[in-house]
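Asks: Following the hints, position chain B against chain A.
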Amino acid sequence: MRKGALELCVLRVVKRGEAYASDISKALKAADLLVVEGTLYPLLARLKNAGWLAYRWEESSSGPPRKYYKLTDNGSQLLDSLNGEWDQFVNAVNSLKNPS
Amino acid sequence: MKPTIDINLGGMLFHLDDDAYKALQSYLKALDKHLQTVDGRQEILSDIESRIAELLTERLASTRQVVSMLDVDAVKETLGSPSEFGPDPVDEPSQGYSESHDPSARPRRPYRRLYRDDQDRVVGGVASGIAAFFNWDPLVLRVLFLLLLFTGGGVLLYIILWVLMPKAVTTAERLAMRGEPVTVETIRNKVETEFDKVKNSMDDMDVKGRFSRGARRTSSVLGRVLRACARIVIGFVSVALLVTAIAIGTVALNFLIGDGSVISESGKLSELSEVIMPAGYSITYLWIMTILVLSGPIIFIVLLNLRAFFGMRYNRPSSRMLGGFGMLATLIGLLMAMVSGIKVATEFNVDASHLQTVNMPESVKTWELSMADIMLEDPDFSLHIGTNEDGVKLHTNSEGSNLNLDITPGRVHIGDLDITPGRVRINGKHMDEDYWDESNWEESFRGWWYLKDDRAFFNNVEVDVRPARQGQASLTVRRYANGRSRRDASYRANSINYDLTVSDSGEIVLNSMLDFPTSDRQRGQSVEVVLYLPVGHSVNFDASLEDYLYDVDNVVNMYDDEMLGRTWIMMPEGLTEVKAY
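Sequence lines, in order, name chains A and B. Counting from 1, one number per residue, gives the positions in the first sequence under the working numbering. Counting from 1, one number per residue, gives the positions in the second sequence under the working numbering.
Hints were generated in silico from the structure; no laboratory data involved. Cβ atoms here follow ideal geometry from the backbone N, Cα and C, with glycine treated the same way. Possibly wrong hints are sitting among the right ones.
Unchecked claim - Straight-line C-alpha distance at most 25 Å; calculated SDA-like pairs for lysine to any residue: (1) A:K67 - B:K2; (2) B:K29 - A:V36; (3) B:K76 - A:L33; (4) A:K26 - B:R59; (5) A:K48 - B:S83; (6) A:K48 - B:R41; (7) A:K48 - B:D32; (8) B:K579 - B:N554; (9) A:K48 - B:A30; (10) A:K26 - B:K2; (11) B:K2 - B:M69; (12) B:K76 - A:P65.
As the list claims (entries may be wrong) - Far from chain B by the CB rule (all over 12 Å, computed), these chain A residues: (13) R16; (14) E18; (15) A27; (16) S60; (17) N91; (18) S95; (19) L96.
This is chain A alone, in the form it adopts within the complex:
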């Protein structure tokens, strides 16, 4: 579940605009969703290999060139459906918390 949630989060972060790994990890860390940065890299590679993310290289003034990720069309579609599923899921879980 956590894995699925993390993937959703990454997709959502990238949806906001092109981002490189460090940006994404900062955003996730800020939301307390990520403990260590290392987890992110295998995840990004997998999303990229599945065709949901694409990247371009950009030179950096303070280090090695960076990969900037963005959503592909497939990735956007997936995110939409995942968003829907997620809301359903959260509602379902929450509905158990406050019995009416």
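Replies: Frame of chain A, contents of chain B only:
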């Protein structure tokens, strides 16, 4: 002053302290191992390396140049240790997101793959790999391959499998080879146990520090090929040695307990040794000597094979002691052999001979030279020839006789004689077109010596025909022997007994065996029979002289064996064949 190490991370150059370098290196290695089963491992690693480069750059800013241990620790904290990455990347390596929606998705079963097991191998790890796949004992397959080896196809099959089967390198592959599920848990366990193994062997090697460096250097491709070749050669040699050892063991047992029939059909080997060993040296001496000499090689071979097939080590104290014992035994045995050998050799020091002339009928001009047909060791053996409607029948008083008879007017030749219960030797044989068949070749070596009633019988008889100096044919018998001194040799030569008969019609029948007292020992006793023929006399060599004619001069330089069955006449220029027209 502290030396630094330069590294390239994500295309950037960093100077690292020694400890920082080691820490970073082991961190990257751990990552690599952790990501072993993940698709796109290289890419992930290079992404992470880039990120490390970035983090280090941030930390160094522009004030410092050298990366310290603190910096590496900080980087590790940010990125997390491989175990903190969680089960995420490894748990379901190839499972994409969409698959989790697939209703047909089944729980993953542990899968097996055929790999070569590089860590448990004799040659290439093929057998142990197959064994792991089927969950067998590798020994079974190794024996199977060995058996196939003798059919010839085994080598080819092995090489093909060697080439086809991938080597199990990574932990995941090693697990798949054994059919264990590839999960973080099993990988971690596996890595931990193997790490312990490596650590232990490294500890061992550190005792011999130089060795460890040498060993690491030879892990080049060439080194591995060479070692594989060496393993093959050692494998072959050890198999060959094992076979030899079994053979030697069989012979030795037969020699010590049995009748020595494995080596020679001509009576016991112990009898032969009795006739060769110097006087005063008992057969027990020879036995002890043989056992001692053989024990070293046999122990060595057994140890070698234990190592090759069961992975046992030489350097265990018990093997070492056993090896040392074997070597000592062999040395003592060789010493004993030398002592008795030198003694025997001195008794071959000098040779001597005695010449006898045999009376010959004066009127005869054509001679028939032949060997006495049948020599029987078994005094109770008898032959009866009778006839029935099938023709000639031969009966013996021994059971299981199987005789091939060829009757030519005036004589009986016995070809194959195989009588099992009693020990029967027959020396006469009939020569025909396919005489040089393998079976006949063996036949001709049968019964070249035996012992009977304290006398030794040997077939060291040579026959020659030479031109006579005077007008009269003559026959001489020269008896040779060796000895420590001339007197010793002469005494031995004189005690040789040799019989031949000359009939009034010119038939000279020689005995194929000479005999002497066993106590004389075999010291080169031999007999040379020479027929001196004046010009105009002729001689026919009977086929039974096979192996006894020795270098008879003739005008066409025909070989001795081809001279048999022909008639020859002595001409002024030498022996000439008389051709029947």
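Asks: Which of the stated hints cannot be reconciled with the structure, identified by number in ascending sequence?
Replies: Violated hints (numbers, rising): 1, 10, 16; every other hint is consistent with the structure.
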